[in-house]
Amino acid sequence: MSAVDVPEQESWFHRNQQRIAPWLFLAPGLLFFMVYVIVPVFQSFNLSLYEWDGLGAAEYVGLRNYEDLYWEFYDRDAFYISLKNNLIWLLLYLAAIPAGLFIALFLNQTVWGIRLYKSLFFFPFVISQVVVGLVFTWFYDPTFGLLNEFLGIFGLGPLNVLGDERFVTYGIIFAGLWPQTAYCMILYLTGLNAVDPEQIEAGRLDGAKGLRMLWHIILPQLRPATFIAFVVTIIGALRSFDLISIMTQGGPFGSSRVLAYYMFEVALSEYGFRMGYGAAIAVILFLIMLCFIAYFLRSMYREERGY
Amino acid sequence: MFPKPIEKQPRAAQISYQAMLPLALLLWLGPLLAVALFSVKPAADFTSANYWGLPSSFEGAHNYGQVFFNSDMPRYLLNSFLITVPTVIGCVALSSMTGFALGIYKFRSNIWIFFMFVAGNFVPFQILMVPVRDLTLELGLYNTKTGLVLFHIAFQTGFCTLFMRNFIRALPFELIEAARVEGISEWRIFWYVVLPLMKPAIAALSVLIFTFIWNDYFWAVVLTQGAESQPVTAGITSFNAQFRAAYQLMSAGSIVAALPPVAMFFLMQKHFIAGLTLGAVK
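Protein chains in written order, with the numbering used here: chain A, 1 to 307; chain B, 1001 to 1282.
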């Protein structure tokens, strides 16, 4: 007796389950992300071609917003200052990476209580930038700030860091470096934990120590940590907004603005609701960020493909 | 271990290292300790310019009492919780599914969708600002906690997907194959096989997102206005306006605002650091 193979009656969904399932799992997250992140990016691009006060009808002006930005750049006006400050932020913020490595090397020991020390050194990263901003505003205060108390010991000062166009950006960056260094430190501490002890021993036998050991044996093994530190530091530098808003509101005389803050000021403050112009500034900031995003994604892509 | 363990160094080096540790810490946390000192001083110390001396009387209870019972601070704190906790839940729910989809299934657009999440996570907030504010206004959610929560969930899904997907990739794939051979449906594989294994990732993400969202300032300013919906980061500016020049109260307020993520960090330290340093080690 031959049994006829009757295929189990399966529903269409059941048969195609493995092809449909990923899309069902993706749907809610993808929908949210599209609506709130991806689509707005394009909307901003579009908006940058309009003049709009946020309420009335938007007027199409072509590339005029960008033209205005160009003239602001040419005249060394607000846009120029913001762009310049962004560049300073980018460069100086990178100091968090070696500083973090330095502290990590200092703390990578096994003495009593070191775990608590590591946590406390990490502390600044956990508190909000708003509080960091307040803390440093008082730190720099010309009448009672710790900085001037300290300078006073040497008979210097008082120095009004946040009130002086020459120092203000550097003062804010210094405040930002505090939590950022803590972040880089924790990345490197984790990295150092995983360094291959045999290679260190081999290096020691070959007579490598100190800086040579660090450069030739340790740092190559810390590359993944360095990459992440680089990514988060660049992103952090270009996102700098909270500290500026809390510490100086872009002042004095707009000298501490960066693009992120200038855009906010143009689009959403008492200076007037110039949404289109703000969007144009945001597009410029986005394009700067895009260079880095492309670089990060390329690195990730290579890793995914395994070469 | 690098640098050379201090135990193997001469005694003098060990002692100086042990002495340097607290000094370095004091220097590192100096600005913060100053604020802590301010927060227990009486108002009189500031008028008499006794900024850095010992407090002439210990007014910690009074100052913190003012913050808690005589200002909008409790309101702001509550708002922060009501914004942060739903966001954490939403992000974890959405991203465990997206992470599962991108980590387990092979389909052509997989890597591009993944990269879209990663790239979106890096964009500057300003390019989203005007459209997101408009959308929130249109939905009638401007100046509500819900409006803020929805945006935060959406934006953080980018980072969370990256995190979850990489975590799921590292799980043994045989488990899923075995379950499929058994004829278990995909949804049940997700729920009964993969989700229980994701507990450490969920814990790490929860603390991270809690901290990120608690500390958010930009979106709080863009999407909310008054004490009824503003979280503590935005509220502290109005708090400081209310107590202008009362440094002892502003300091106490800042410390209160900073405390919840700090507590979270110390309670869940292992998870927190595991989450933050994901990918820092191969």
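Bear in mind the hints are in silico, worked out from the structure with no lab data behind them. Among the hints, a few may not be true.
Result set (DSS-like, lysine-lysine): computed pairs, CA atoms no more than 27 Å apart in a straight line [unchecked claim]:
{"no.": "1", "chain 1": "B", "residue 1": "K1004", "chain 2": "A", "residue 2": "K209"}
{"no.": "2", "chain 1": "B", "residue 1": "K1106", "chain 2": "A", "residue 2": "K118"}
{"no.": "3", "chain 1": "B", "residue 1": "K1270", "chain 2": "A", "residue 2": "K209"}
{"no.": "4", "chain 1": "A", "residue 1": "K209", "chain 2": "B", "residue 2": "K1106"}
{"no.": "5", "chain 1": "B", "residue 1": "K1106", "chain 2": "B", "residue 2": "K1004"}
{"no.": "6", "chain 1": "A", "residue 1": "K209", "chain 2": "B", "residue 2": "K1008"}
Since we're looking at a predicted model, the values are computed, not measured.
>> So if I understand the rule, the pair passes when the alpha-carbon distance is 27 Å or less; does K1106 of chain B with K1004 of chain B pass?
In response: Not OK: K1106 of chain B and K1004 of chain B at ~46 Å, beyond 27 Å, violated.
Satisfaction of hint between K1008 of chain B and K209 of chain A, Cα-Cα up to 27 Å
Answer holds: K209 of chain A to K1008 of chain B is near 14 Å, not above 27 Å.
Is the straight-line distance between the alpha-carbon of K209 of chain A and that of K1106 of chain B 27 Å or less? Violated, at about 47 Å.
**Message:** Need the status of pair K1270 of chain B, K209 of chain A: alpha-carbon distance at most 27 Å?
**Reply:** Given pair K1270 of chain B, K209 of chain A is violated - Cα atoms ~32 Å apart, limit 27 Å.
Mind checking the alpha carbons of K1106 of chain B and K118 of chain A for me, to see if they're no more than 27 Å apart?
Answer violated: K1106 of chain B to K118 of chain A is near 41 Å, above 27 Å.
So if I understand the rule, the pair passes when the alpha-carbon distance is 27 Å or less; does K1004 of chain B with K209 of chain A pass? 9 Å, holds
Of the numbered hints listed earlier, those contradicted by the structure are 2, 3, 4 and 5.
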